[in-house]
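Enquirer: Residue numbers (this note's numbering), protein chains in the order written: chain A, 1 to 143; chain B, 1001 to 1454; chain C, 2001 to 2173; chain D, 3001 to 3965.
These aren't lab readings, by the way, just hints derived from the structure by calculation. The reader is advised that the hints may include incorrect statements.
[Said to hold, decoys possible] Some, not all, of what chain D presents toward chain C, calculated at C-beta under 10 angstroms:
#1 E3040
#2 G3791
#3 G3792
#4 L3796
#5 Y3818
#6 E3821
#7 N3830
#8 R3866
#9 M3867
#10 D3871
#11 W3873
#12 I3887
[Stated by the list, open to error] The list that follows gives simulated cross-link-like pairs (lysine-lysine, DSSO-like), each with its CA atoms no further than 30 angstroms apart:
#13 B/K1287 <-> A/K118
#14 B/K1197 <-> A/K124
#15 D/K3685 <-> C/K2126
#16 D/K3961 <-> D/K3050
Note that CB positions come from ideal geometry on N, CA and C, so glycine has one too.
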Amino acid sequence: MEFRFTNREQFMEKLENILESGMSPDNMKIVMPNPDHEIEHLVEHYKSPSKLKYFTLVGGLTGCLTGYAFTAWTAIDWQLVTGGKPFFSWPAYTVIAFELTILFGALASFAGLLILGKLPRFSKMLNPENYANEYVIIIEDED
Amino acid sequence: MSSHSTNVLGSNVPERDELYAYNYKAKLEEDVFAAVSKPTPLFYIALLTALGCVGIGATSWAIQIINGLGKAGIMNPVGWGVYITDFVFWVGIAHSGTLISAILFLFRAKFRNRFNRTAEAMTVFAVLTAGLFPLIHLGRVWFFYWLFPYPNQRHLWVNFKSPLVWDVFAVSTYLTVSVVFWYIGLVPDLAIARRIKESKIAKTLYGIFSLGWTGTFKEWQHYNQLYKFLAALATPLVLSVHSVVSWDFAMGVVYGWHTTIFAPYFVAGAIFSGCAMVITLMVPMRKMFRLERYIAIDDFEKLAKLLMLTGLIVSYAYIVELALALYVGKEGNVFEYEQFMYRLTGDYAWAYWTMILCNVISPLTLFVRKLRRNLIYLFVLSIPINIGMWFERFNIIVISLARDFDPYAFGYYTPTWIEWGITLGSFGWFFTFFLLFSKTIPVLPVTELKEEVD
Amino acid sequence: MRIIVPLILAAFFVVVALAIGGANVFWATYEDAPPQPVAFPHDIHAGNGVGQQNLPCTRCHLYVEESRFATIPPMSVCMECHGNMQSDKPEIIKLQQYWERQEPIPWQRIHSVPKHVYFSHKRHIKAGVDCAVCHGDMKVVTEVKKVRTLQMGFCVSCHRANAAPTDCWTCHH
Amino acid sequence: MNRRDFLKFVGVASSASVLSSCGVEKSTEKIIPLLYPAEEGYIPGEAMYKSATCSECPAGCGVSVKVVEFNPVKLEGLKNHPVNDGALCLRGQASLMRLYHPRRVRGPLRPKKGGLVLDKMSGDMLEPVTWEVAYQSITDALKAARDAGKSNVYLSGRTSGSLSALIDSFSRETGVERLPEYEAFSHANLRAAYRAVLGVSSLPSYKVANADFLLTVGADILETFMNPVSMGQQLQRARETNNLTWIHFEPHVSLTGFKASERKILPPGSEAYLLSFLLNYFVGNQLAQNNLPANVRESLPDAPIEEVVRQTGMSEDELNQLAQRMGAARNPLLIVGGVSTQQKNGYETALLGALVQWVTGMTGSTVDFSRAEDYSKVGNVNDLTAFAQRLENEQIGVAFVTRTDTLFRTVPAQTRLSENFAKAAFKVAFVDILDQNDKELVKSYSEMYDLILPLSHSLESWGDAEVQNGLVNITQPVIAQTIFDTRSEGDILLELSRLYRGAESAVAYADWLKTRWTNTYGEAALTAALQTGYYQRPAGAVSLSLNSSGLVNALKNTELDSSSDGKVLYVVPSIRMYDGRSKDLPLTNEVPDPLSTISYGQWISVSEAAAGELGLDHNNLIHKQREVVRLESGGGAMELPAWVQPGMPDNIATIHREQVDPALLDVDPRTGETLTRIDGLSLSKTGANAVLAIMAGKVAQGDRKIIPSGHDDHGHHGHIKGDETLYPDPYDRYTEYRWGMSIDMETCIGCSACVSACYIENNIPCVGEEENVRGREMAWIRVQPYYNEEGGMDSLIMLCQQCDFAPCENVCPVYATYHNEEGLNVMVYNRCVGTRYCHNNCPYKVRRFNWFDWTDRGAWEEPMTRMLNPDIWVRPKGVMEKCTFCIQRIRKAKDVAKDEKRKVRDGEVIPACAQTCPTNAITFGNLLDQESQVFKKSQSEREFRVLEALGTSPAIHYLRKEEHA
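With the rest of the complex left out, here is chain A (with noise of 0.2 angstroms):
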């Protein structure tokens, strides 16, 4: 079954309508031009809001140790003393740390991305459904 809006106030209607009548948004496709923060909270409230962030967490904390780590390690493998400096400096390693603290969350949300939004999707690359501007709801028959 398939719903398609040129106009926005519709669609939500008719979202809301689909929603409130107890279908599971899992169970359908809305297809948007663009991102709306009403659709989204709209649908959340039936819906658990992404998990992305985990990754971002995941990712950050993972850098942030590497950074100290690593720095730390190299410093002790070949121990050699720079300016006088103790071979533990964390205040200037604390720099590498946060770099990759911010480069490993970046790069783990990207991933994010791809593996909770199942991207690339090789198949809709060359071919895709053309709704142009519409809003749509599709919903698998299931009865």
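Following the hints, position chains B, C and D against chain A.
Expert: Leaving out everything else, chains B, C and D in the frame of chain A:
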């Protein structure tokens, strides 16, 4: 030119009917992709000019590699000259992009949507340009990979206490994150391009890069979260990158470098120059690509205000530096005092006063509302600001090194044609990328503008 | 179509990785024994088997215990034995011909370290490092070949294992 | 040398270069073995030392030649040698380059006869000939001249010892007349004065070491006068043992003056009055040890006290005080010489000086004629004038010119020697270096000479030199074969003589010498001398007496007054070039002049007053540009960029001897002395600018307190300990050694010998004028002159400070520089990628970047590569380098210590700079060893460290000058 119009589609479209948003989106797609269309002869002339500059730069670099760094003007005691100036300049340019897209995104400043695509592209290309200079200035560029901590049979690692290694990490992280951020914003637009473009090749290419984006709710849900997190990560990153660059100097013992205000001072300076560069690029682009409808004078005025703000911060930093040196005086710290007196009155005073004129005096004119709403004036003003910011870095690097501690080792540095050639080449390199960008990728963030109309 | 794109990408990366890896392995390990002007058999001189002379290394490499350089022996050292020895072996005849012409033999160099490396044979011999550690067991080879990389990692591993100095200027100045 | 030997030799050479070097992994490099084991004591890669004599000036310093793999790679002063005891000056250090100079004449040359016009235009006007042809042409010319009734003459620089004897016998055998020798600094007035006063024709050794009061009048004893290295050493000894006071009088500005305890400026020409006053003081107050006969006293020139005060500008009190101090000294020494004896009343000055020496009894003690330097064969400019006259009259057949200024560029033009020289029938020059790319030079040679014979270097041949009476330096060839097709002067003369006489058997100079030595010294003494490098006879007592009649005669013709109202130009000898003979050595040009810090080019030093008067804009021009001034005097004119020399008296200007136009030089007809004081100088601005290779950004430290005075110095003495820093105590890591250095600014004389030694020891390239101007000098150690407002000058020796908290280290991204457990700031050249961050961050600016591949740019043109020290890498382009306290010497000492299972002893490691220092101003050693010299010095009250307040904690402890009351 009229001021901001709520009726973006013009007079012949009915007001705010139920199809308004739908039509708006279609028209927006049409307008933006009209710009990403067949290039004009002017485009080819510009591209060839840019490539010519790249050629000059590449030749100069080749000469320098074959003969040695002596082909540049750097000497004892000025070990860094135009190259590091260029590096800091381009890293600075790279800053407004992520600032406009990330920080203003977090602050929900809608006007960012007019500039963020171009600004981010500028960021990526400017980092790509800046990244060349640490290589160019190396004595043995063929060993550049020694700067990266990779496992090797020699059991050697890099020195993580060196600000240059921080630089390596900061700049490459910045490049990676900027590319990811830019690309994430692009994916839905690429999906639109895949739909709109007619040629098979274009469809295929846009299709591949759009990752098979279909615009389902699930995709948008993750997308929104990702975009938010990336913005949140990129914001401290932006601040850190130019701080790290400033620490290249602030961690040194040289007077004129060794100061705690460098990090905020450099970040403000970077945003200042970055905004100026965005204006330099966007004013003509708005005209040529007929985007007047979507980018209003108000939007530029906001940029101009940002320029004023950062300009004042930079001016404040100049004053603090100078005032501290004068306050401690000859008795307090003769090295610092004489360094700043040398900047004001010495051999390079012309460079110092050029900087003051461009960065302190000229932005003050923006207090006049008429001027900051005049696009031609903004465009004209943005160029001296860019020049002024180049000189700021030149002054910091060259003047400080020319006279540091030991009077015997004072020297005077004059750049050579090799250095100017490579600098020219860097502009060519940047504009080559930018020109190619303007004809392949929607210069406005279509999806985000669509969101605004709902 | 849906499989082709990732396949092509994957194939591309695999080929590139293999090429780089292969080239690295090839250049690091490929070491030919160059033809020498006189085919000097180390095993016959240094080996302790039947018909072998069992000479100590220092019999010919005169300076190895007191100099940085082990040095190729002066030709007069060869002639101490081969001078009075009538032989129909072609290589010995070649040697004697060089000597008659009073012309040094232009040996091909096999073991070397780069110019920026300071290496002292004397210190290593005095520390009890066996020649074979770096040169391989000369008692059993006829044709000399490089059997160790003699690259920095090789030196450093041994220095670390034996608590020898790893101060950079030990080898570089 | 036949082919076989040659192969052997080449074999050694290439195997050496292969052994110590070695290339990429996949090379097809060859190893050429020796045919026979090398000589006894040879160990591959290890140094052997042989003795020789330095010939860059007549002082005759003993030299110990370091030979590695059969190549001389370094010269050092010969330890215990009576003249220089281990030290060597900057020219001596640089003279190794003379051996390997790429512009050495590689075989006999002669002008192309009837050459094509094209050849002349292209400057290719000399063609090689074989030795046989060369010898034949000389003997033919000798015979032709003899038949034509012309004289054949032999003109050389100062020659002593066996070679002098050989020249005499050659002259006898071939009928060649030996002309008086030519030396630009012939000390003609001084010698004439000693002849007049004491009847001797030699110059004494001045025993500075024995003096407790030294008065020098004009003599630049630390730069070129007699034997400056010895003077420096003796000064140091006298300071230590006799608490020496040294007062220096000069009309201009010199390094010597700045290094004296007191520098006093006298108006030009007033030196004679000062000496006259002293003489009258000692004679008049009955303080004289030797009295003057009445007839001498009567003929002394009249110098009433008012006139002395007027001329010298000193008050009567000052004069009396000076005389009293001199009178009170136990062992006073007066040295008169240099510019004070090379002026119109220079002869009078010298006479009065000699008289003061006689009267005060110095002639028996501190002015020592038992170790006199024999100048009996040295002539003066009058001799050259006479020679020129004979040339003009076409009375000269063959003219040999050897080991001297072959183009007569230092000879005063009024002798008319150079313009008449071509009138000799056949001219032969013995030359070592001739730049055949210099078209002007080639043209001059081809016009002036008929034959150019290449001389072997003294390191390539046997020889000796009697440098002082009874002291003979022995020189052995240290290189197996001459580098080019050159011969020693002895061999040439022996061969010429044989050919001329038609004798059968040839004698090699080496054999001739050995016979002579054995006959003179006996076998045993000769063997000993060959080992020590010199032969010394005990000094016999010399009885001197006043030559009254001669003196009275000499005094008749004197005129004390030689004052000048206007500007005066002094032509001064250069510490770097001597009389110009060291000009060909790249290093003497590269090491900057210690007063002006100018390396290359010509300049005139003017006073600040003159600069103000002329309106010279020397501050606003960008650093190395200076205004060109035109200087004119009766004889000629020159246009030179002006260097404003701090401390220069107002009306004085100076120019170096080798840079002056000989037309400006005058001659004293009485003694044949060259007058280097040029009166009636007019200076004018030309409006042009010229770039001068000035190495210093500034020569004043302003308020920077780089050298703090006693009360300014609140710095740490000793190292910064753990509780004063956030960082760990660096001394916790130094277990066995903490190498350190102390530099005593009281004893340092700023002579730059250390700089020169460092270049040779560490394979530092000479980069040439263009790169010097760009500020790309490569010196690891430099002498920084800082002029102060009191009119003094301090020479600050600046080199890597090996800081405990080195700012350079932590900024290197690749650990190319780090701190090791012996406290050294190590630089790993091959790890360097060339960010130059360390250089920027070094507050002392002592790091040097390889802007180019200097080898490619001709820093070591063949065969100069043979002088490279094989113990240290030649750094490629793009790499930072710097001083590491001669790390290769530390390694050597540690290697020996390890063999003997002990620690390195104090004094066992001596870096090249400290080794060659004449005054032992530089001390090196282990700061952890409380018994070491360097530790003791670091505890001195005078100790300071440069830029202490930065907290870098350097390992170089400077000792500031003692505060004189």
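Enquirer: Compare the structure with each hint and give your call.
Expert: Hint check:
For D/E3040, the suggested interface contact is broken, since its CB lies about 13 angstroms from the closest CB of chain C, more than 10 angstroms. For the restraint placing D/G3791 at the interface with chain C, the shortest Cβ-Cβ distance is roughly 43 angstroms, beyond the 10 angstroms limit, so the hint is violated. Using the Cβ-Cβ criterion of 10 angstroms, the hint placing D/G3792 at the interface with chain C is not satisfied: the shortest such distance is roughly 39 angstroms. This hint is violated: D/L3796 has a C-beta 27 angstroms from the nearest C-beta of chain C, more than the 10 angstroms allowed.
A least Cβ separation of about 7 angstroms between D/Y3818 and chain C falls short of the 10 angstroms threshold, and the interface hint therefore holds. Because the smallest distance between the Cβ of D/E3821 and any Cβ of chain C comes to about 7 angstroms, under 10 angstroms, the interface hint for this residue holds. Nearest Cβ of chain C to the Cβ of D/N3830: about 4 angstroms, under the 10 angstroms cut. The hint holds. Because the beta carbon of D/R3866 sits about 16 angstroms from the nearest beta carbon in chain C, more than 10 angstroms, this interface hint is broken.
A cut of 10 angstroms between beta carbons decides the hint on D/M3867: the least distance to chain C is about 17 angstroms, and the hint is violated. For D/D3871, the interface hint holds, the least distance from its beta-carbon to any beta-carbon of chain C being 8 angstroms, beneath 10 angstroms. Given the 10 angstroms rule on beta carbons, the hint for D/W3873 holds: about 5 angstroms separates it from the nearest Cβ of chain C. A hinted interface residue such as D/I3887 counts as satisfied when its beta carbon comes closer than 10 angstroms to some beta carbon of chain C; here the least separation is about 5 angstroms, so the hint holds.
The suggested pairing of B/K1287 with A/K118 is violated, with an alpha-carbon distance near 40 angstroms, which exceeds 30 angstroms. For the proposed pair B/K1197 and A/K124, the alpha carbon gap of about 16 angstroms is at most 30 angstroms, so the pair holds. Taken as a hint, the D/K3685 and C/K2126 pair is broken in the structure, with Cα atoms around 71 angstroms apart against an allowance of 30 angstroms. Our distance criterion of 30 angstroms between C-alpha atoms is broken by D/K3961 and D/K3050, whose separation comes to about 37 angstroms.
Violated hints, listed in ascending order, are 1, 2, 3, 4, 8, 9, 13, 15, 16; each of the other numbered hints is respected by the structure.
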